[in-house]
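Protein chains: 4
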Amino acid sequence: MAANSGRHFLQIPGPTNVPDSVLRAMAQPTIDHRGPDFAELAQDVLSGVRPVFGTDRPVVIYPSSGTGAWEAALVNTLSPGDRVLAFETGHFATLWRDMAEGLGLIVDFVPGDWRRGVDPAVVAERLAADEQHGIAAVMVVHNETSTGATSRVPEIRAAIDEANHPTLLLVDTISSLGSIDYRHDEWGVDVTVSCSQKGLMLPPGLGFNAISEKALAAAEGARLPKSYWNWAPILEANERSFFPYTPPTNLLYGLREALSLLEAEGMPNVFARHDRHAGATRAAVWAWGLEVLCADEREYSSSLTAVRLGEEHDANKVREVILDRFDMSLGAGLGKLTGRVFRIGHLGDFNDLTLAGTLAGVQMGLELSGVPIDPTGLQAALEVLRA
Amino acid sequence: MAANSGRHFLQIPGPTNVPDSVLRAMAQPTIDHRGPDFAELAQDVLSGVRPVFGTDRPVVIYPSSGTGAWEAALVNTLSPGDRVLAFETGHFATLWRDMAEGLGLIVDFVPGDWRRGVDPAVVAERLAADEQHGIAAVMVVHNETSTGATSRVPEIRAAIDEANHPTLLLVDTISSLGSIDYRHDEWGVDVTVSCSQKGLMLPPGLGFNAISEKALAAAEGARLPKSYWNWAPILEANERSFFPYTPPTNLLYGLREALSLLEAEGMPNVFARHDRHAGATRAAVWAWGLEVLCADEREYSSSLTAVRLGEEHDANKVREVILDRFDMSLGAGLGKLTGRVFRIGHLGDFNDLTLAGTLAGVQMGLELSGVPIDPTGLQAALEVLRA
Amino acid sequence: MAANSGRHFLQIPGPTNVPDSVLRAMAQPTIDHRGPDFAELAQDVLSGVRPVFGTDRPVVIYPSSGTGAWEAALVNTLSPGDRVLAFETGHFATLWRDMAEGLGLIVDFVPGDWRRGVDPAVVAERLAADEQHGIAAVMVVHNETSTGATSRVPEIRAAIDEANHPTLLLVDTISSLGSIDYRHDEWGVDVTVSCSQKGLMLPPGLGFNAISEKALAAAEGARLPKSYWNWAPILEANERSFFPYTPPTNLLYGLREALSLLEAEGMPNVFARHDRHAGATRAAVWAWGLEVLCADEREYSSSLTAVRLGEEHDANKVREVILDRFDMSLGAGLGKLTGRVFRIGHLGDFNDLTLAGTLAGVQMGLELSGVPIDPTGLQAALEVLRA
Amino acid sequence: MAANSGRHFLQIPGPTNVPDSVLRAMAQPTIDHRGPDFAELAQDVLSGVRPVFGTDRPVVIYPSSGTGAWEAALVNTLSPGDRVLAFETGHFATLWRDMAEGLGLIVDFVPGDWRRGVDPAVVAERLAADEQHGIAAVMVVHNETSTGATSRVPEIRAAIDEANHPTLLLVDTISSLGSIDYRHDEWGVDVTVSCSQKGLMLPPGLGFNAISEKALAAAEGARLPKSYWNWAPILEANERSFFPYTPPTNLLYGLREALSLLEAEGMPNVFARHDRHAGATRAAVWAWGLEVLCADEREYSSSLTAVRLGEEHDANKVREVILDRFDMSLGAGLGKLTGRVFRIGHLGDFNDLTLAGTLAGVQMGLELSGVPIDPTGLQAALEVLRA
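Protein chains in written order, with the UniProt record's numbering: chain Z, 1 to 387; chain V, 1 to 387; chain R, 1 to 387; chain U, 1 to 387.
It is possible that part of the hints are untrue.
Identical copies go unnamed one by one, so any copy, or any two together, can satisfy a pair.
[Claimed, not checked] Here are the simulated lysine to any residue pairs, SDA-like style, with alpha carbons at most 20 Å apart:
# : residue 1 : residue 2
1 : 214       : 321
2 : 226       : 51
3 : 226       : 103
4 : 226       : 104
5 : 336       : 128
6 : 336       : 313
7 : 226       : 102
I should point out that these hints are in silico values taken from the structure, not numbers from a laboratory.
Make the full structure from the sequences, and use the hints.
Laid out in structure tokens, this is it:
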């Protein structure tokens with residue numbers, strides 16, 4: 001790839017394009033993690049990250065991938081043999097289920113067709129049926145990165161409340177945080193799981209848990225073994241602006257810069273931008289005569305769009321052509337969607353003309369791959385962008 | 001502009017987008033310019049830059065802008081009162097003329113309409129008329145950055161040869177070097193002037209002179225005062241891999257990296273890429289129903305395209321709308337073209353999807369500015385890119 | 001600290017000074033972790049890291065701190081209720097013990113005075129006494145970062161072998177890897193734990209496990225719950241040059257560069273350099289009339305030196321004076337050594353003159369703090385460096 | 001040098017060590033030099049640079065080395081055949097003389113022994129003798145980089161004033177600006193020449209002229225040919241925050257950052273730091289039993305110290321040993337001082353411990369080279385630093 005000219009188009013749904021200023025921030029010299037300069041950095045990121053989660057409470061930051069933050073949410077709040085309710089919204093929901101089972105939890109896994117989010121009515125129904133309150137937690141993937149369907153967390157919360165059920169609500173916001181409106185406190189989420197390499201515009205390497213008071217109380221009795229993921233010593237050290245083990249200083253430099261970029265743009269503007277780009281993308285898909293994988297318009301994702309091809313076309317071939325000819329990476333279909341969809345990431349550090357370039361690449365790639373499309377797709381997107 | 005998301009589209013015809021790896025190379029610590037590591041760097045860039053100029057002979061590198069390299073070409077080869085032949089191909093040819101006059105040269109300035117390159121027939125005619133061989137130098141701007149017209153240097157050379165005239169041939173390749181096919185030795189150019197911030201994909205700060213043996217001989221008798229620009233001490237020091245005054249080390253780091261990028265892509269591929277992007281751009285312009293400023297199809301520039309608007313539209317307004325709405329910089333009309341054209345740079349570190357994004361931005365900006373266009377323009381460009 | 005001039009002296013025993021070229025490598029754009037460029041990166045680091053551990057076998061890389069790599073070593077090889085043998089060599093050995101207990105293991109913790117490494121004779125004795133082979137693992141901290149004592153792993157291995165005991169040998173090389181001679185395969189270590197921010201000259205954020213065949217076999221039956229740390233899916237994915245969850249791409253860029261720096265210097269030279277700097281440091285300490293904490297000359301650490309002060313002097317005050325006056329960070333005494341020692345890190349990206357500056361700062365700081373010393377200390381160090 | 005560990009000690013008297021934050025600032029993407037973001041950058045540096053020169057008036061910034069700024073000072077203020085008064089304070093004063101002669105000026109060159117600055121009494125005497133006021137300019141090198149002697153500009157100014165002579169005063173502050181107290185306006189200097197790579201802590205590539213009202217008036221009648229160096233169009237464009245030719249944007253990014261570092265430290269603190277480091281360096285030199293080249297204690301340079309060796313020792317050999325063994329670059333003796341002195345740069349981004357490391361390297365290098373010295377030299381320096 002050395003001989004490619006120009007900037008690679010990284011349009012997978014994460015890792016996303018890291019802003020130059022974040023990369024430069026990360027290139028600052030590492031400092032003493034027990035010294036006064038580090039304490040300032042820690043304060044900046046620990047307080048600065050809260051509004052992005054929509055919480056006034058502490059957010060735990062791990063040196064980990066998002067998968068680690070999944071594990072942290074489970075091991076801090078649950079005990080071996082606990083029952084949890086989960087939903088087959090796609091590949092990542094399935095992986096989280098697998099993890100829960102691997103850790104010794106019993107998962108009620110509501111089957112799904114990988115084209116929509118969690119159905120709040122099913123949540124209501126399952127919780128109503130659980131008269132003994134045996135369900136310790138409901139696990140929801142806010143935005144399914146494998147499908148581009150966004151679950152309606154406020155409605156799920158309402159379903160729990162109506163059922164008067166004491167369950168915890170654990171939500172994965174890995175590909176929604178910093179891109180799609182999200183409110184940990186207001187929506188009564190107990191643990192919000194996230195990571196660095198999507199809407200936060202950072203390289204991978206940081207995992208996050210936002211934690212409700214109820215989750216913290218649950219943690220007292222949770223008996224899954226834990227050490228690295230244990231909230232308690234981290235929260236305690238964070239109060240003094242330090243960490244119980246060596247923190248990933250340079251990623252925290254990047255986080256500080258990324259938070260200041262989000263703040264400068266303003267979260268409502270950030271969300272509106274993602275909504276607008278997602279709308280333009282769908283306009284292109286429909287004008288091409290193709291199908292958006294997500295089947296419920298209330299659940300269209302604003303951070304990525306999965307495009308469904310007919311059986312006669314291999315989506316991975318299209319992706320290869322596009323990578324080869326136009327130096328753009330798109331997301332593959334995962335799990336049972338392998339070869340059936342490709343995914344366009346339109347989240348993070350992104351703008352109108354990069355989206356136009358992205359959709360131009362998709363359009364040309366589809367044409368070169370022999371997928372019959374109407375070439376006015378890009379123009380349809382521009383009409384949305386120009387409006 | 002702090003709140004902009006995504007990467008700025010810098011589509012002026014220079015400075016161009018600097019590749020990340022060049023920026024990182026420039027961020028290396030400055031070293032002793034008289035030490036062994038520097039000597040290696042100097043050797044790398046002094047030898048590596050030659051093939052880009054198409055020369056086997058030394059190329060002088062100045063800490064300067066391209067304007068400095070213009071001055072160097074004149075003061076090293078000419079004497080007060082010398083006559084030179086120049087051509088009004090556009091704004092920069094006019095500025096170079098002004099400089100020559102300011103330095104005490106007498107310029108025969110052949111008028112032009114700013115829509116085409118140097119006419120080889122006029123060169124032939126003027127030299128034929130100059131029986132006394134009073135013309136000491138012919139000054140040609142290879143690619144007029146203000147108009148997007150590329151002069152046919154081989155034909156100019158042929159005209160000089162046919163006239164059997166001893167004149168020097170001085171060529172400005174500021175916006176063509178590293179983008180448009182150019183051959184200092186083969187075409188018999190005596191001094192090739194260039195700089196860093198265009199096809200070489202560097203920030204501004206380096207000027208270049210490639211020098212023929214004939215130019216070097218002329219330098220011996222040239223009597224314009226010179227010190228900083230004097231080739232002799234530089235060529236002498238360069239032989240020992242050093243410089244007579246402190247060289248701009250960090251820009252040379254960048255140059256080393258940029259040269260290796262060009263070499264990896266291969267100069268013929270680099271030229272073909274620029275030709276293709278220019279072709280796609282013109283396809284869009286024509287499909288929009290607009291006019292390319294350059295009036296001679298043999299002279300279309302491959303590094304930039306100037307688009308001409310009717311009297312009723314202000315090109316600067318269009319540029320402002322595009323900068324404001326789409327965070328893209330385009331080149332303004334300069335001198336007598338102010339407000340009449342805008343210029344799209346498609347040179348340097350660039351690729352198909354960035355061009356698509358660029359043209360999408362131009363298309364939307366024209367529409368938003370009320371310039372009546374046919375919106376299939378972008379699609380016409382994609383057809384060229386996809387082919 | 002904004003008004004400080006010059007480079008901060010980061011002479012804690014890790015995080016260490018990150019070379020500029022590693023910081024620049026980390027500033028490369030993040031790429032698709034499922035694409036071909038990433039596969040190349042993964043191959044480079046997965047194969048390149050092996051010689052640093054002295055192993056021909058796979059090394060697992062986690063997005064984590066070293067603490068995570070501790071946990072990984074335990075949960076992959078052990079089951080709840082397993083007995084392990086550990087040694088109170090200092091603060092970090094104690095923390096690892098705490099972790100093991102927290103995870104449900106039973107730890108035989110051999111007490112120590114925090115001035116020496118693991119006594120191979122005690123290993124021999126304990127294993128001989130364990131006729132039922134109830135000890136599942138021996139946990140050794142190779143280089144105690146809190147004390148500057150390096151355990152003699154080959155002798156410990158010999159003790160295990162002589163006892164003919166099937167125990168696993170788990171070794172923490174957090175502050176020795178890449179600084180002090182270490183040979184995972186040759187010394188028959190089963191799991192070697194390490195991390196990025198010490199001898200590997202990277203920022204924090206990567207944890208490592210080198211794994212023997214025997215450890216891998218043990219992992220099959222190990223029943224501590226695990227998901228994130230589970231070797232199996234990582235080893236499986238690594239074979240295809242990928243990772244089961246999003247890897248910390250930019251730290252891997254840094255790792256690639258750091259490995260190439262170590263390879264260029266040559267591991268034997270790297271070790272000799274650290275030995276030499278440690279020798280010079282001790283020469284200074286002794287000439288000052290102070291005491292090196294490590295009480296056994298066979299166990300002097302080559303990566304850090306802990307300096308012991310008399311009861312009447314507070315080592316943290318000395319550190320504060322030095323940070324305030326000379327912008328140098330030194331390591332504090334940890335746990336029961338708080339205020340009694342300060343630690344000088346002389347590992348990682350380091351050279352003679354930086355060591356000289358470091359020792360000059362320590363010398364002046366001691367004097368300013370009223371600790372009576374002989375000011376020829378620095379000169380004694382220079383004699384070692386000059387030799 | 002690839003296999004060297006740790007940071008190179010760049011202790012030549014320029015280019016100096018560039019702070020990391022300046023290097024990162026320079027790695028920002030190049031922008032449109034005619035756009036609004038550039039205008040902000042230009043305003044910041046054009047106004048921010050004035051206090052560093054001690055002037056309230058415009059300072060012209062060139063893409064050039066310091067040599068270019070020398071030329072600019074001459075060609076903007078003088079005419080062919082003008083007489084100027086200059087002083088042989090060392091190598092650079094001699095080179096500036098050569099330039100002046102090369103440009104057609106007539107230079108009265110007062111001979112010197114390369115061990116002291118300009119003698120104000122000689123200035124007084126020469127100007128008094130020049131009753132016809134034929135001397136158009138007095139050229140003074142404020143701090144001779146080749147010798148480490150600092151001329152007393154206020155006393156020179158006083159001498160001119162007492163002589164009631166209308167001469168211009170041109171001062172080269174290349175290795176003093178930003179290191180040694182300097183006041184363009186207060187001292188009545190007409191043109192102050194400087195560049196980026198010394199006290200301004202930038203890579204080479206920027207030249208500066210600070211200009212008095214009197215110099216500006218002189219420029220109106222100055223008849224040396226000029227184009228690139230011509231103040232008039234630059235000053236005019238700068239008023240609108242632009243430049244008449246493409247400015248070196250990335251170096252200007254660095255300048256903005258460097259100016260903010262100087263401002264944060266405070267110029268009086270910057271000067272005091274340099275004075276202190278120079279004092280410590282001389283203390284070491286004297287304690288070693290060696291000689292400081294500068295023979296007048298009123299003229300000791302605070303930015304560099306030239307150390308004189310006896311005839312029996314080759315200073316370049318010492319420098320080679322030091323580079324080879326300790327990875328430190330020192331300045332060579334230049335011109336007639338070749339081999340007789342080495343020069344220690346202690347200017348720019350520098351601190352106590354780096355100076356200690358530097359002097360440790362010099363001390364060990366002298367010993368290794370067989371120069372007999374008293375090894376308490378470093379300790380003598382530490383006593384100054386500790387005080």
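Notebook entry, point to check: Going back to the hint list, which numbers does this structure go against?
Noted result: 1, 2, 5
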